[in-house]
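Using the hints provided, position chain B relative to the given structure of chain A.
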Amino acid sequence: MDDRTQLKLPGDLAMWIFIYAELLVFGIFFLGYAFTRAYHVELFNNGQATLNKELGALNTFVLITGSYCVVRAVAAIRQDHVNTCVHWLGAALFSGLIFLIVKVFEYKDKFAAGYDLDTNTFFMFYFSLTFFHFMHVILGMIILGFMLVKTRRGGYSALDHFGLESGASYWHMVDLVWVVLFPLLYVMK
Amino acid sequence: MQYKSQSVAKPYFIAAIGLFIGQILFGLVMGLQYVWGDFLFPAIPFNVARMVHTNLLIVWLLFGFMGAAYYLIPEEAERELESPALAMLMFWIFLVAGALTVLGYLLVPYAGLAKLTFNSLLPTMGREFLEQPTITKIGIVIVALSFLYNVGMTVLKGRKTVVNLVLMTGLVGLAVMFLFSFYNPDNLVKDKFYWWWVVHLWVEGVWELILGAILAYVLIKTTGVDREVVEKWLYVIIAMTLITGIIGTGHHYFWIGTPEYWQWFGSVFSALEPIPFFMMTVFAFNMVNKRRREHPNKAAVLWALGTGVMAFLGAGVWGFLHTLAPVNYYTHGTQITAAHAHMSFYGAYVMIVLTIISYAMPLLRGRAAANSNKAQVVEMWSFWLMTISIVFLTLFLTAAGILQVYLQRVADVPLPFMVVQDKIVLFYWLREIAGLVFFIGLMIYVWSFFVKGEETKTA
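If you read the protein sequences in the order shown, they are chains A and B.
The numbers in our numbering rise by one with no breaks, and the one at position 148 of the first sequence is 148.
The numbers in our numbering rise by one with no breaks, and the one at position 366 of the second sequence is 1366.
Only chain B is shown next, with the shape it has when bound in the complex:
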């Protein structure tokens, strides 16, 4: 750690991991509710568990992105963070607001929560992933603005590198697109249309810039490859991301009441979305192969390579699987979507946050370069357990999805939804087992932070 203020990243990373655990626990609850309908009913109904599962994911990834920015931006800008105190204040505001929101979901019926938080003054609640009470959304905007001010000033006054400019572009984009969560038109088509401006343009747009920047940073640090080479890759990757991702939003506009040309725009552009992800994989492996030093933090390099591969598989391949309009006509809203969602979120965003944590946390905890060999071995075990289990989870959901599509939508005598759900229950059980293994992997990951041992020497 070169700058003292980088240490504000530490609480962000710890909070991220804490919320990650919560997310997986609620995932396990939901997974069980798929096969055991009244499990924990009425305490935690399925819709509440789902809301907590998805919202916690978003919030912990945001904690991770902010931690990553607070860690890498001072180092890239070669100066201390504008205001570490502001960063800490925002940390507590964000954490408390997040905790209160989740408690609200769990303790108050959703309609009651809407009333309690004066949703009627500026109605924004009730939409998937954007369920947060309006006041929480306003809080998120305040936190985001303070955060952008803090890192933005650091970049402006400091050295401007491609990595921190791409990261800043991604973060500003993240904040700007979130503003569409306040736009809630009565017209259902318009509502959905702009809802995707938050959801899609986050995960298939600006978040990819954040991913690219963090990946580039960790690769520069661990491989010692020339910055110029890494930057060129980054340019091409983000150009491809934006070319394909922005109009690729159209793949959500096939059946919501928008004009027919979206079927063409959406299909063609989103079909190319795997390209930037593939380039990221090639990029990561290329840089590691051309490395000029042996960085002692092998675990971080493993996470970085894993991000490339799993993001390509989960976001690229599994996304392509159902992105063409004629295919999506059958697969829309089935378990195929769930399969894609799990592997893409894990492969792209979970793994990039764990990559930067893996790289930065040892330094934040005062190690010279990396954790002890013993701790790294434990961490790598958790890498493989989580990664392999998410692959299985995805395969089981894909199998469930294919069966579901066939029985419910393609077969000569299509069956009703609930009848089909009964027939694919085996895959839901298998998915739950994969989820349990994932949770074990996560516990081992947490454990790896407490493994002592001799620190490996800097190469």
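One chain only, chain A, in its complex shape:
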């Protein structure tokens, strides 16, 4: 393999357009959050104080672990290790599941405490941003699941794993968004 093939885009260009579109939507929301926060510092600080940073940090760890698993899965298929690839994909899928469970607990807490989309601007951002992300985790898991089945059936190999790279890139995007979202919503004051 020479250097030029090393530099090629992992996965399909169409997937990358999709990923950038997703990042654009989140990016605009992040900017909206930042500007609105500047106008209502106290309201946002009070809101942030109610959030469970530990669970947020746990979920960050879980998603980064998931991304690591996906990296290992792609590395495995490049060596034609189909079974290893399936295992790593399964592990990534499991990390997504853990994330969702933790998040549901967090939501339950918030709803029990009487917070919802309408409470105030901070919670509007909190619920919409985390929920949009939540939906992306689900979509990412569907993609991972689809790839797992296809890998198992021998659909990918060292020579042909273009689709796997596309899906892996999407999963990294889901992770990346959370890595920005967590400090922005939970930590930064």
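Keep in mind that the hints were calculated from the coordinates and are not lab data.
Glycine is no exception: its CB is placed at the ideal position from the N, C-alpha and C atoms.
Please note that a few of the clues may not be correct.
[Said to hold, decoys possible] Distance ranges between label pairs, derived from CB positions: (1) B/W1092 - A/F94: 55 to 61 Å; (2) A/K53 - B/P1185: 39 to 45 Å; (3) A/L55 - B/N1289: 32 to 38 Å; (4) B/F1182 - A/H40: 38 to 44 Å; (5) B/F1041 - A/H40: 50 to 56 Å; (6) A/V102 - B/I1138: 46 to 52 Å.
Just chain B, lined up with the frame of chain A:
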């Protein structure tokens, strides 16, 4: 034409063009009524002219979409249409029901029409764009179901391509969203909320899938570019359409009594709605640049490229202009909206229907590939006349809108609505002139079908 049953598309296309002429005539009447208040009063009051203008537009576009589906689905599925007879029956039912409805609008006072059609049994009338009597709405559902059965079975039994699957998704979505026109709650907020599920999710949702599929089909046929490439574009475009368009419905929920978060959702998502339209433009030009053949139907290619550009300008740019909540706070319901409506409907949906007609009609009329050069030149003249006049019409309405917003809502001493209307009358006159030029363009378009001449050889 590869399959005999594709020929059922022909009457649909002819009816579409006929109703298009009617739509523009009523548009001209209304345009004149803006500046000459009692023109044709009491025979055709403004509200009736407006109802006919908008309803005819929707109906003729539906005729166009159905014609497009009947033409391209057999070819994509590689088999004859499930039932050409059913398609013809539905054509006549739809045409007669449409004609009776319009006659009802024109001849009977609206309240009388409601009574005559037993609206009280299931009240659905009286809402903008959904003015049709309940019985007409039921007729539309029957026609839509038979149509979906007909094309659906053809696809199911035949070859499944991305083009016909996207088209089917759009058409099914169109039928499903229309069902919300039967939901008419007393609560005005809820009424408006679901009303947009028909209106917005049609034009900024499922119709865009139909547009994308037809455009992709015509580009595959005229450029000879690999289906795989076209399909990939189509996937990305419809994904973007749905991501931005569905939650983008929120840009109609700013001031109707819905929770405040809609101002954020609506602004952010709808601000991205221009992206799929921009991608469509890039897509169309890209495919034509990479073409592997010179298709003799130059007019169809022109319409296809025009659709990309004008849809992006009209729907994308002019939509973005007033989609952010802080801007819309001032522009809501002014001539800015009218400007956007005219260029987006023309650029996206009128032009895509004319694209498929331009591509398919010569084949339906037994030509080998395209009309004579002479006929195509006439058709291209009509393209430029209609397109340029709609651009001017839009610019005049935009100017009127900006003045209106300023004088009525922003100025230190805001003026009453009617006073402002008097002050922007010049732009209404200019708009009417642009409308007349558009009508001339349309007449030339019709004329192009009757221009004879030597057929261009297939390349």
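Does the structure break any of the earlier hints, and which numbers would those be?
Checked against the structure, the only hint that fails is number 3, while the rest are satisfied.
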